[in-house]
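If you want the building blocks of each chain, they are given just below.
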Amino acid sequence: MKNLNLKYHPFTKVFKQLFVGIFLIITPVFAQAQSKMVSGIVHNDQKEPLPGVTVSVKGTKEGVVTDFTGEFKIKAEVKDQLVFTYVGFETATITVGDRSSINVTLKSATSSLDEIVVIGYGTVKRKDLTGSVSSVSMRDINKAPIRSFDDALAGRVAGVQVTSSDGRPGSGVDIVIRGNNSVTQANSPLYVIDGFLIEDPNNNVINPADIESIDILKDASATAIYGARGANGVIVIQTKKGKEGKPVFTFNSTTGIQNSMKKMDVMDPYEYVKYQLELNPTLTSTPGQSKTPTELYLTNGKTLDYYKTVKPIDWEDEITRTALYKNNDFAVRGGTKKLKYSFSASSTDQDGILLNSEYKRYQGRAVIDYNITDKLKIGINTNYSHLKRTGIDPTKGNNGATTNLMTSVWGYRPVPSETVDLTEEYRDPDFDPAQDYRVNPIISLQETYDVNKTNNLNLNGYLEYQFMKGLKWRSTVGITENRSESGQYYNSKTSQGKGNNGINGKLTNNNSTNFLNENTLTWDKTVGKSKFITLGGFTLQRGVNWSNGVGANQIPISAEYLGLDGLDQGVPVRIDPLESDWTMASFLARVNYSYNSKYMVTASYRADGSSKFPSENHWGYFPSGALGWKFSEEKFLKNKVLSEGKLRASYGQTGNNRVGSFDYLTRYYNPIGSSYAFNNQYMEGVVATNLGNSNLKWETTEQVDAGIDLGFLNQRITFTADVYKKTTKDLLLNAQLPLSSGFTTAFKNVGSVENKGLELTLTTQNIVTKDFTWTSSANIAFNKSKLLALDEGQTALESTVQWDNNVTTSAYISRVGQPLGQMYGYEWAGTYKYADFDTSVNGSGVTIYTLKSGIATNGNTRANIQPGDIKYVDQNGDGVVNKSDYTTIGNGLPKNTGGFSNNFTYKNFDLNIFFQWSYGNDVINMNRYQFEGAGVANSKNQFASYADRWTPDNSNSDMFRVKGYFAGGYSSLLVEDGSYLRLKTVALGYNVDQKLVNKWHLKTLRFFVSGQNLVTWTNYSGSDPEVNTYRSVLTPGFDFSAYPRARTIAFGVNVTF
Amino acid sequence: MMKKIYIVLILAAMTTSSCEDYLNTEPTDKIALEQYYTDEDGLNHALAGVYDMLGSSSIYGNGIWKNLEVCTDEGYYARNTQTTGIQVNNYDPTNSDVSNYWRDLYVGIERANDLIANINVPKMDEAKRQVILGEALFLRGYYYFMLVSRFGDVPLRLTPTTSPIGIQLARTSSAAVYAQILQDMKEAENKVAAAKYEYTGRVSKTVVQGIIARVCLQMAGYPLNDTSKYGEASEYAKKVIDSGERGLNVTFNSNPTFNTFNPTIATNTANNAYRQIFISEAQDLYDTNENIWEVESKGNGTDGFNEMGGLGSQIGITFTDATLAPTIGYCYGFEKGTARLFNKYDATGKDLRRDWVLTTYTLKVNGTTVTRTAIPFTAGNTYGRDVAKWRREYEAITPKNKNNSGINFPILRYADVLLMYAEAENQVKGPTAAAQDAVNKVRRRAYGFPIGVANAISDMPATAIASSSAFQLFIEDERMRELCFEGLRRMDLIRWNKYVSTLNSVGNEISTNTLNAGQKYGGLGGTNTAARHLLFPIPSLEMSSNTLIKENNPGW
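Heads up: the sequence lines are chains A and B, in that order.
Be aware that the first sequence starts at 1, since it is given in the numbering used here, and climbs by one per residue.
Be aware that the second sequence starts at 10001, since it is given in the numbering used here, and climbs by one per residue.
Among these hints, one or two may not hold up.
Unchecked claim - No farther apart than 25 Å at their CA atoms in a straight line, the calculated lysine-lysine pairs in the DSS-like style are these: (1) B:Lys10520 / A:Lys852; (2) B:Lys10364 / A:Lys291; (3) A:Lys498 / B:Lys10364; (4) A:Lys75 / A:Lys243; (5) A:Lys338 / A:Lys377; (6) B:Lys10344 / B:Lys10498; (7) A:Lys883 / B:Lys10550; (8) A:Lys963 / B:Lys10520; (9) A:Lys995 / A:Lys75; (10) A:Lys375 / A:Lys498.
If you're looking for bench data, these hints aren't it; they were derived computationally from the structure.
Make a model of the complete structure from these sequences and hints.
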């Protein structure tokens, strides 16, 4: 970032001179007969000349730039108005009149300091802020062709790490602010959407075009006002409201196409057949078994070389498509002094790049604010969304990894069959279905019905009463109602439908209602230079969740055409309805004190009562305090260069209550799985389904933050740095219990986690001229997590990943004293080479390779190890590689993440270029296990990279030979550097000339082309390094059968009238 | 102005005064124990939860006979790729088969403890309450028996776990655990139903007595060597015999299909009583005479229940054709019998058990039908035969589940009671006539003879009854012949203190055999066996979360 600073001066100088020059040449062309020459000098309020100020004649294209002495000369008519614009200063407009010399003093605008920041239960000007709060530039975000704001949030704000699990439309996004506090529980921030507090909102219900602002509260001083739920940070979202004035109609339309970013290279027919012959050199098959590769491929005089000419079936091509993205939204906003309104509606239709997958949203919002009297205001903000997601989750198999979608895609036979069209057949007829569960991925995608429909209604109302100047009462009532219906249907053409359960389907409903009432009293008071803002309030919240469903197996084929409507015709399957509810009551108070806008103190306190804990632990208390010193206001530091300088420090405690509503109680139930058959009749057993903990209480996070905000040259350069340290204790840990207790896990308040980090943000206005501007913003965040303690005497927590039903090996370990979620397994050491073996010749003249005695095994029986087999490091030197040689083999958490955004304008064009990166994180590429020789299955194709495997002719290869894999677990072979730099968004817009627009009775008209996920620079060999298919704190960065991520190119128009 | 503020504050106070009420929510679905423990029915449902763990896939559903104790002198795990794992005695304390076995037994114990502690909650008939209490006590004892016999000293928990805090527990000596087991079971003996049920899944008095005999035999042998328990074993086995309500199965349905593959059975009139035991188990028919206690399995999973086990699918006659699997029944064939077992039977095949427990044919698909191909009775073919005691062809329900079946698993058969009686009696009094008679009954049925009539072909030879020790050795083989693959062999070998030596010798025998090189891999487990395998290791998951267990078992 420093480099950028250094470059700044020379660059701008060059540009300035260039432009001054150009204008001096161009100006005469525009000169008109009756105009006269006007000249003058532009100063700032310190009476210093301002170079580079744009001086233009209003309504014309005429304009010049002041030179280094602040002087300008321009031709203008008597009635003309001259407009003086300069970044960081208020614009001045002056009528020429009969003057020929005009000297102007521009006032500093200090706009970024006057920016309003939304904090909990109120707003402050950025200059008065004592906490660490970052604002997201919605202007930039709305340039990206995205369905939901969280798709574009990555890299925008320092310290906010956003990872989506894969490219499936609507797939889960993890937003983690300043590192993970909780070990086994969710780390997503608290959302406050138009004042409504919610922990796990469906962000897809909000149309990003409706969002006015997103502010992210990071330190404890900012978040402690949300007390028990603020520990993971808070994201405050405000939607747009009506503004006084004539109705403004806005219409945005975007149409785009999406393609897969990267396709995996699989073996071509030649390499495939060669591999098959190596895998199974048997010449003739046993009767009744599948044909051998020789029988399949080398008959009728065909040789291996023949397959060099065979055109492959490209399965990944067959199941992916160029998908359409369409988004239209319409809004009208306006109002009078008394009544302001905003109505908007949108429709989004995003086809997935895999067949039969789609995401649709129909959404509408109405916002009304009404001033009944000068003192009494009411308002309502309501949003309704209908979401429909179609398509299967490729990361989920129905019976182990072989049935996962991408396993079928990459593994399917690339050589066309001679008898049938493989793309039309349900399964490959040449292979034994008992050994090979893969089915035609095209049919599997097309025939599986998997649809999730959500109806979400959100309604927030408020009443505000002003008792007297500065004293205000505000009550809000909000309801969020979410109804989600998920249907799966497996017909006779799907593998599930052909399995034991026959044609089957189920329909499940997941519903929730969340109610919130908040009441606050705010008192603003200024006494001399002292300014107080005092806030007090109480809130009540209640949430109810319930689910139910219906399901059936063995649906007769005659009812298949009915789809889910035919569930009644099958054998019913028990689906347990569930219901639970929770309540919260809170009291809160905050005082902001500032003296002369120079010294600032904030203190807040919240008491939260939550029903999720036993009654003696209902209440938790969360204090915070912060100090701010605006040293740039001190006389001894006041200078021209430094326009702002502020030191901030804060300390606070926040909490986390992310456990189930009744996890503190032992509950009894008769789950279907605990039944027993007496006398051939099922009897459902009543058992304790969990172990309660009557001592359960809040998880508490203490955070210390120190920050500095610097602004230079009238905020032309601003810089913010924050360092923080968070310590979370009494973790709500789903702790591993001694199995001898009869339970495996229970919630306990044990363990402790520390996160330390540094966040830097630099915003610069690099070039500002009349026609050309370049502003940029860069941020970078470093976070280090450390597990401080676990349950009673426990030193490590191992985690498995269920990518396959049979896998029970730990893939990750979290050790006390080390970061969370480290990859765990063998250290890979290439392959055994000939030199590792003693040779002898047996009776039949065959050379026998015997592993030399000093060389460790790979876990396999010593005698079975052959040259070309996989080799691991024998960490403890006992000659055998086994579980005791497991070591840390990777780190799923990045060392730093960040983003770099650039905005250019040139005349009527605007261009946004946004880069985002993640550095220092590893990914376990499980696809390579499946497709680089380890996941052996007959007939399964492999990645093209496996062609370079060890063979007697390629005996230096570190890629093990066919059948040369052996392991009891994961190894560093699969661990890759997941760092990447991504050109995430490029948006180019053209604003149609104002005169033309006016002629068409429009206010503005902008055409644009934008692209998302355009280029990714990475060493990761998989299809996308931003991947997290088994999302949890303990298992970060796991890639298996992920939905390919799409690159989007979109065109569109923005109109206001 | 201030008035207005006061009004607001008072309103606020009123709203919040009921705050605590507001925060006291009650669960509405998965609820408190008291809400289920209301009557006899509720208690029976809680009892079903205790029984449930018997069928867990880590215990009798699969675990014991497919993984944990598959490696004996009777059979071996039929995959040459399996070079690590408990199947071949090459594993460590992180092994999930061991860990799940431990976990599920303690889940069963916890459920029993819960039921026992709350037995008096419902208002109900006192006699019926005592029956349920008896079953819970017995099952707790049985689960502890499954633990102590495999792990040695274990944590002994007799009250329900009510909080996750402070629940670490040290190990209790094996002797004390066994004492508790006998105490529980003997208390149960007088509480459970006095008469047997019409079905085999529920514990009645003779079940308790038969299992007490088994527990006592285990105590009498290695490593406890409490030889005083032989007398008690004999006494309890005798109680079952004298009850008159149990007996060897001697009836059968003729089934000509399989006899053609057995060179010694010419017609279907031969006695099929032995195989009928296992056919009935597949057909969900109850043979309450022979099968004293079974783990009941049911269904094919399509009804959403999963009360199945892997018998017939995990072990059985290999059949892997996907198209016909739903009607014939898929079978992985994960266990093959040893030649040693094959050769323990009468070489001419007169002992009808041999050609049932080890397959005489393979299944092949021929177009749309299945054909049986006889395996010739050559010396090489004494190796590599699939374990065929349970065959899916008899399973009544279709479509058949690929991985599981509804075939019941026999925990205790009358034949076992007779053999236990004979063994204990011999240990106490020598090879008495009563002891001989018990063994001979089992053998006569095996040869297809009337069980009450002496028969020179089937009855124990003179050498076997010449001495107490000869009798013991004969019993050891007879138990293998009669009870192979029923989850008993490993514990038998251990109590006879022959486990390591037998496994090593059978392992060498298989891996150095010259008759069938393709089966040499089957010796791996035997050759891997060492003294530490006498006990399973305490699972690492337990060790890491229960610091009161300081040391693992010897060698682990």
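Hint-by-hint comparison with the structure:
1. B:Lys10520 / A:Lys852: Roughly 24 Å separates the two Cα atoms, so the pair holds.
2. B:Lys10364 / A:Lys291: holds, 16 Å
3. A:Lys498 / B:Lys10364: Since the Cα atoms of Lys498 (chain A) and Lys10364 (chain B) sit roughly 22 Å apart, the hinted pair holds (cutoff 25 Å).
4. A:Lys75 / A:Lys243: Distance ~38 Å between Lys75 (chain A) and Lys243 (chain A) Cα, so the pair is violated.
5. A:Lys338 / A:Lys377: Within the cut-off at roughly 9 Å; holds.
6. B:Lys10344 / B:Lys10498: holds, 17 Å
7. A:Lys883 / B:Lys10550: holds, 20 Å
8. A:Lys963 / B:Lys10520: Between Lys963 (chain A) and Lys10520 (chain B) the Cα gap is close to 20 Å, so the pair holds against 25 Å.
9. A:Lys995 / A:Lys75: holds, 21 Å
10. A:Lys375 / A:Lys498: Roughly 69 Å between the alpha carbons, so the hint for Lys375 (chain A) and Lys498 (chain A) is violated.
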